[in-house]
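**Student:** Model the full structure from these sequences, guided by the hints.
There are 2 protein chains.
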Amino acid sequence: MFQKVLIAEDHESINFSLQKTLGELGIAHDVKNYVYYCDDALKRIEKALSEGNPYELLITDLSFDDDFPQQKIKDGPTLIEAARAIQPNLKVLVFSIENRASIANNLVNDLKINAFVPKARRDAQDLKLAIEAIVKGKTYLSPNLKRLSNEQASYSFSEYEIAIVSLLADGVPQKNIPFYLQEKNLKPFGLSSVEKKLSGLKTTLNVQSNEQLIAYCKDSKLI
Amino acid sequence: MFQKVLIAEDHESINFSLQKTLGELGIAHDVKNYVYYCDDALKRIEKALSEGNPYELLITDLSFDDDFPQQKIKDGPTLIEAARAIQPNLKVLVFSIENRASIANNLVNDLKINAFVPKARRDAQDLKLAIEAIVKGKTYLSPNLKRLSNEQASYSFSEYEIAIVSLLADGVPQKNIPFYLQEKNLKPFGLSSVEKKLSGLKTTLNVQSNEQLIAYCKDSKLI
DNA sequence: TTTTGCTTTACGGTTTCCCGTAAATATTAG
DNA sequence: CTAATATTTACGGGAAACCGTAAAGCAAAA
Numbered sequence: 006m007f008q009k010v011l012i013a014e015d016h017e018s019i020n021f022s023l024q025k026t027l028g029e030l031g032i033a034h035d036v037k038n039y040v041y042y043c044d045d046a047l048k049r050i051e052k053a054l055s056e057g058n059p060y061e062l063l064i065t066d067l068s069f070d071d072d073f074p075q076q077k078i079k080d081g082p083t084l085i086e087a088a089r090a091i092q093p094n095l096k097v098l099v100f101s102i103e104n105r106a107s108i109a110n111n112l113v114n115d116l117k118i119n120a121f122v123p124k125a126r127r128d129a130q131d132l133k134l135a136i137e138a139i140v141k142g143k144t145y146l147s148p149n150l151k152r153l154s155n156e157q158a159s160y161s162f163s164e165y166e167i168a169i170v171s172l173l174a175d176g177v178p179q180k181n182i183p184f185y186l187q188e189k190n191l192k193p194f195g196l197s198s199v200e201k202k203l204s205g206l207k208t209t210l211n212v213q214s215n216e217q218l219i220a221y222c223k224d225s226k227l228i
Numbered sequence: 006m007f008q009k010v011l012i013a014e015d016h017e018s019i020n021f022s023l024q025k026t027l028g029e030l031g032i033a034h035d036v037k038n039y040v041y042y043c044d045d046a047l048k049r050i051e052k053a054l055s056e057g058n059p060y061e062l063l064i065t066d067l068s069f070d071d072d073f074p075q076q077k078i079k080d081g082p083t084l085i086e087a088a089r090a091i092q093p094n095l096k097v098l099v100f101s102i103e104n105r106a107s108i109a110n111n112l113v114n115d116l117k118i119n120a121f122v123p124k125a126r127r128d129a130q131d132l133k134l135a136i137e138a139i140v141k142g143k144t145y146l147s148p149n150l151k152r153l154s155n156e157q158a159s160y161s162f163s164e165y166e167i168a169i170v171s172l173l174a175d176g177v178p179q180k181n182i183p184f185y186l187q188e189k190n191l192k193p194f195g196l197s198s199v200e201k202k203l204s205g206l207k208t209t210l211n212v213q214s215n216e217q218l219i220a221y222c223k224d225s226k227l228i
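Chains A and B are the protein sequences, given in the same order.
If you're matching positions, the first sequence starts at 6 in my numbering and goes up one per residue.
If you're matching positions, the second sequence starts at 6 in my numbering and goes up one per residue.
To be clear, the hints were calculated from the coordinates, so they are not data collected in a lab.
Among the hints, erroneous ones may be present.
Here are the simulated lysine-lysine pairs, DSSO-like style, with alpha carbons at most 27 Å apart [to be verified]:
hint, chain 1, residue 1, chain 2, residue 2
1, B, Lys223, A, Lys180
2, B, Lys226, A, Lys226
3, B, Lys201, A, Lys180
4, A, Lys133, B, Lys25
5, A, Lys37, A, Lys117
6, A, Lys223, B, Lys180
7, B, Lys48, A, Lys37
8, B, Lys207, A, Lys207
9, B, Lys25, A, Lys25
10, A, Lys207, B, Lys180
11, A, Lys223, B, Lys226
12, A, Lys223, B, Lys151
13, B, Lys180, A, Lys201
14, B, Lys207, A, Lys223
15, A, Lys151, B, Lys226
16, A, Lys25, B, Lys37
17, A, Lys180, B, Lys180
18, B, Lys143, B, Lys96
19, A, Lys226, B, Lys223
20, B, Lys223, A, Lys202
21, A, Lys143, A, Lys25
22, A, Lys133, B, Lys37
23, B, Lys25, A, Lys202
24, B, Lys133, A, Lys223
25, A, Lys133, A, Lys25
26, A, Lys223, B, Lys79
27, B, Lys37, B, Lys133
28, A, Lys223, B, Lys223
29, B, Lys96, B, Lys48
30, B, Lys226, A, Lys207
31, A, Lys151, B, Lys79
32, B, Lys77, A, Lys151
Just so you know, these numbers come straight off a predicted model, no measurement behind them.
**Tutor:** Laid out in structure tokens, this is it:
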């Protein structure tokens with residue numbers, strides 16, 4: 006079992022229960038090992054590393070509430086990247102309210118996280134299973150993750166497509182979109198191309214109107 | 006201070022930390038006083054009442070994840086109504102991820118809840134302040150609630166307006182909306198009336214297109 | 001350079017949306 | 001019951017969106 010684990014979680018109440026769960030796994034309890042800000046987390050990782058007693062596991066949330074003073078690192082993924090940059094062998098467990106399997110998969114693929122556990126019913130037990138799996142060198146994806154019905158069509162939007170849809174959602178008339186695309190150096194920017202792209206998106210996602218397309222994108226948190 | 010408090014919270018980890026916070030306030034710890042389902046919560050309230058030892062305070066979440074077996078009561082507001090129906094003097098504290106002041110205010114006005122605390126930084130301290138305020142007979146609205154910028158324009162949508170906007174978001178062409186409205190016995194259902202209503206909404210909310218209107222409604226969680 | 005194939009843009013016809021006005025219907029007052 | 005008013009619906013012209021096709025632009029290969 007791990008001896009040295011760092012918790013980065015801004016919500017006081019969840020931070021508490023993480024401590025309790027670690028305690029039940031026999032992991033030593035030290036007030037210095039749970040922090041409420043990403044910046045503090047990175048500092049601890051640096052310090053522990055320089056002292057020759059590095060952390061073995063980082064448990065972090067994905068999103069952190071803004072607060073004063075402004076933090077340099079504002080979310081979990083950025084923290085993970087920064088931490089791995091100075092300590093590549095650090096294991097990472099993400100504990101988040103997010104429960105979409107696609108998000109978890111992307112984190113495993115892109116940031117090579119070792120486990121993803123959503124905040125949900127029986128999440129404390131879930132955490133224990135995840136930590137035990139990591140100890141054994143496995144990657145753990147919680148069975149509580151929800152594979153959404155629209156995930157089959159979980160078409161990956163390009164920057165170009167997101168730009169168009171965002172403009173629509175901001176109230177820009179379709180016929181004016183070329184102007185804004187050109188401003189952002191995105192091409193093709195012709196009105197015909199915009200029309201074709203929107204038409205193609207609607208076909209791909211099986212929606213009938215621009216309105217439904219916007220609703221879909223909002224639901225998928227694409228925009 | 007309260008002697009008998011019931012916790013209704015489906016997330017295991019948050020349930021744990023609530024117990025810890027209550028303990029720090031000197032409230033007795035009993036495994037029967039924290040439940041993971043609304044139905045269980047109501048049963049406990051009934052039982053305690055019939056035994057002549059009723060709960061003084063209910064701490065509940067707003068939304069509960071679905072689970073098997075299906076529960077009769079599926080969310081916090083419904084639980085609060087049901088509980089107050091059998092025990093009108095029960096104090097209620099809502100502890101939720103929701104942090105919009107408008108939602109909290111509506112709960113205070115409609116369901117007469119006694120406190121609202123959002124899950125956030127320092128939420129454990131916030132909970133203590135809330136409970137102490139309730140003990141003194143006060144209503145507590147957390148200072149961490151966010152008064153959104155669009156809240157000034159937080160125009161209250163009628164069932165009729167939500168129906169129209171929902172149809173649009175479902176991909177129904179504007180010209181077919183009259184048919185669906187008639188099916189739901191909503192009037193006026195003439196196409197002209199629909200056009201006027203949408204036009205009026207866009208003026209009121211200061212948006213330029215149907216697409217932006219849908220985006221606004223999704224952001225405000227109206228649909 | 002020319003050819004070939006692909007991407008992007010332009011164009012035109014049709015449909016839908018938008019919006020002002022007028023007609024029809026419902027509601028209320030006298 | 002009639003008149004007055006408000007609400008709802010119908011209509012029509014103009015703008016925007018939609019969609020297929022053709023032209024133009026561009027890049028790689030001959």
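**Student:** Does each hint fit the structure? Answer for all of them.
**Tutor:** Verification of the supplied hints:
| no. | hint | verdict |
| --- | --- | --- |
| 1 | Lys223/B x Lys180/A | holds, 24 Å |
| 2 | Lys226/B x Lys226/A | holds, 13 Å |
| 3 | Lys201/B x Lys180/A | holds, 23 Å |
| 4 | Lys133/A x Lys25/B | holds, 20 Å |
| 5 | Lys37/A x Lys117/A | holds, 26 Å |
| 6 | Lys223/A x Lys180/B | holds, 24 Å |
| 7 | Lys48/B x Lys37/A | violated, 42 Å |
| 8 | Lys207/B x Lys207/A | holds, 24 Å |
| 9 | Lys25/B x Lys25/A | holds, 10 Å |
| 10 | Lys207/A x Lys180/B | holds, 19 Å |
| 11 | Lys223/A x Lys226/B | holds, 10 Å |
| 12 | Lys223/A x Lys151/B | holds, 21 Å |
| 13 | Lys180/B x Lys201/A | holds, 23 Å |
| 14 | Lys207/B x Lys223/A | holds, 19 Å |
| 15 | Lys151/A x Lys226/B | holds, 21 Å |
| 16 | Lys25/A x Lys37/B | holds, 20 Å |
| 17 | Lys180/A x Lys180/B | holds, 22 Å |
| 18 | Lys143/B x Lys96/B | holds, 11 Å |
| 19 | Lys226/A x Lys223/B | holds, 10 Å |
| 20 | Lys223/B x Lys202/A | holds, 23 Å |
| 21 | Lys143/A x Lys25/A | holds, 23 Å |
| 22 | Lys133/A x Lys37/B | holds, 24 Å |
| 23 | Lys25/B x Lys202/A | violated, 54 Å |
| 24 | Lys133/B x Lys223/A | violated, 36 Å |
| 25 | Lys133/A x Lys25/A | holds, 11 Å |
| 26 | Lys223/A x Lys79/B | holds, 25 Å |
| 27 | Lys37/B x Lys133/B | holds, 21 Å |
| 28 | Lys223/A x Lys223/B | holds, 7 Å |
| 29 | Lys96/B x Lys48/B | holds, 17 Å |
| 30 | Lys226/B x Lys207/A | holds, 23 Å |
| 31 | Lys151/A x Lys79/B | holds, 19 Å |
| 32 | Lys77/B x Lys151/A | holds, 22 Å |
When held up to the earlier numbered hints, the structure conflicts with 7, 23, 24 and fits the remainder.
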